[in-house]
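Peer 1: Sequence:
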Amino acid sequence: MRFSKAFVPTLKEAPKDAVTPSHVLLLRAGFARMVGAGLYEMLPLGLRVQNNISNIVREEMDATGAQEFRMPALLPADYFKESGRWESFGPTLFRMKDRKDGDYHLGPTHEEIITDLARREISSHKQLPLNLYQIQTKFRDEPRPRAGLLRCREFLMKDAYSFDVSEDAARESYATMRAAYQRIFERLGLDYRIVRADSGAMGGSTSAEFQVLAQTGEDRIVACTQCDFAINLEADETLSEGKPCPECKTPLEQYLGIEGGHIFILGTHYSEKMGAHFAGTDGKQQPLVMGCYGIGISRLVAAAIEQQHDDQGMCWPPSIAPYQVVLCPIGKDETVTAKAEELYTQLREHNIEVLLDDRDTRPGAKFKDADLIGIPHRIVIGAKSLANNQVEYKPRTASEATLVSTSDAVTAVLK
RNA sequence: CGGGGUGUAGCACAGCCUGGUAGUGCGCAAGCUUUGGGAGCUUGAGGUCGCAGGUUCGAAUCCUGUCGCCCCGACCA
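Each residue of the first sequence is one higher than the last, beginning at 14 in this note's numbering.
No lab work stands behind these hints: they were computed from the structure.
Check each hint, because a few of them may be wrong.
[Said to hold, decoys possible] Quick list of simulated restraints, FRET-style, between CB atoms:
id, residue 1, residue 2, range
1, Ser-17, Gln-140, 52 to 60 Å
2, Lys-25, Asp-241, 39 to 47 Å
3, Lys-297, Val-32, 56 to 64 Å
4, Thr-415, Phe-20, 26 to 34 Å
5, Pro-259, Glu-366, 30 to 38 Å
6, Glu-362, Pro-264, 49 to 57 Å
7, Arg-233, Val-48, 27 to 35 Å
8, Gln-195, Glu-254, 35 to 43 Å
9, Ser-420, Val-48, 42 to 50 Å
10, Lys-297, Asp-111, 38 to 46 Å
11, Arg-375, Leu-427, 24 to 32 Å
12, Leu-52, Pro-257, 43 to 51 Å
Ideal Cβ positions, reconstructed from N, Cα and C, are used throughout, including at glycine.
Please take these sequences and the hints and turn them into a complete structure.
Peer 2: As structure tokens, this is what we get:
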């Protein structure tokens, strides 16, 4: 992509309403704009990151045998009325009427809808286990949307639902999802902890949160530095920083986290309430045993920024960066322009996503924007070094650039 | 939903107390000069001062109401 043609409206000053680092940077770097409280436009760079996250999630879900599908976001009220959540969800549910005065709502989560699908379509143990997932916009009329993309009223979520013949089988499905989530969060390049949590209103028996560690996290968690133990302090208020780990006695450390994912075994809560049964090997009807697994995709865009930024801007992990490399030709020297175009072509031939800063602007502005946007690799092409057949290479998080020969520029990025 | 803020150009703000022609910086456009960490000068475009009432000869400014947005708290599968 040529920067001169890209819609990347960067700002020197942050709009005053933005306070949280990710919110400020999303606006300043031209990744997102606000439409209303908890409602954002994802501009091209923001959407590229969000799509990168979605794709990693999709690949790892598919690898477990889960299948992508899609439920409507606009839903008749019948299903939530049947489960009781039409009442219990309260004002958080976006409600509306259709032209025939029927009750409808926008989907905040889809347990009821998929349980209805399951009771219609699953009749035998031979169809199990089954795991279906979707990546879809969810709607919740939060009492207080806040911090940009961290808590929105409309947000992108991956939600998966598993169906099994028994509690034991459900635990296996849960373990599979847990392992898949670990691969997902590893690939996203985020520092995270798997945390025991209060299973809350879902009524589940087993659950874990995937917490992205960040200074601005809303959740207080303590974790062991030696073993895997970690817990949300919401779930156990007797623990705190410095107390011995319940499993290995090492002093616990406290972190702040942003909930990026949550996995549950639901059991037969919804299947019993809604009559989702199947015939077991003995021919007798029994309720499906369910699990559900969420990842807040749009929230992870913000969480990644919260965790990985500095005073100059974003610092994207390469796996989700909007572009891998930014090329900054300096000055109008023809050899510089020609070399920049050559590298631009070369990098793209290696399937590397490149942003060529071909704008007619001073070097300082290019560097500031490159840092702000957080592209992992920067190559500066200047007349002086080019005379020695060299360009400057600098990873976003490095303090100094190094000179590399023009022929090594592509490999510097690749490694 | 309680508490606290805040709405004036795309962004950040001043003006309001003490009513009298709508201001500044950044950004944007054009021109000249510049060119390695957000350049300088000149000229220019851009506003129903959140909205609705009221007071007044006259309201961004005073009064009443209302809406939006932000922060803290409560809430948050």
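Peer 1: The structure should be examined with respect to each hint, and the outcome stated for every one.
Peer 2: Evaluation of the provided hints:
no.: 1; hint: Ser-17 <-> Gln-140: 52 to 60 Å; in the structure: holds, 55 Å
no.: 2; hint: Lys-25 <-> Asp-241: 39 to 47 Å; in the structure: holds, 44 Å
no.: 3; hint: Lys-297 <-> Val-32: 56 to 64 Å; in the structure: holds, 58 Å
no.: 4; hint: Thr-415 <-> Phe-20: 26 to 34 Å; in the structure: holds, 32 Å
no.: 5; hint: Pro-259 <-> Glu-366: 30 to 38 Å; in the structure: violated, 46 Å
no.: 6; hint: Glu-362 <-> Pro-264: 49 to 57 Å; in the structure: holds, 53 Å
no.: 7; hint: Arg-233 <-> Val-48: 27 to 35 Å; in the structure: holds, 31 Å
no.: 8; hint: Gln-195 <-> Glu-254: 35 to 43 Å; in the structure: violated, 25 Å
no.: 9; hint: Ser-420 <-> Val-48: 42 to 50 Å; in the structure: holds, 47 Å
no.: 10; hint: Lys-297 <-> Asp-111: 38 to 46 Å; in the structure: holds, 40 Å
no.: 11; hint: Arg-375 <-> Leu-427: 24 to 32 Å; in the structure: holds, 30 Å
no.: 12; hint: Leu-52 <-> Pro-257: 43 to 51 Å; in the structure: holds, 45 Å
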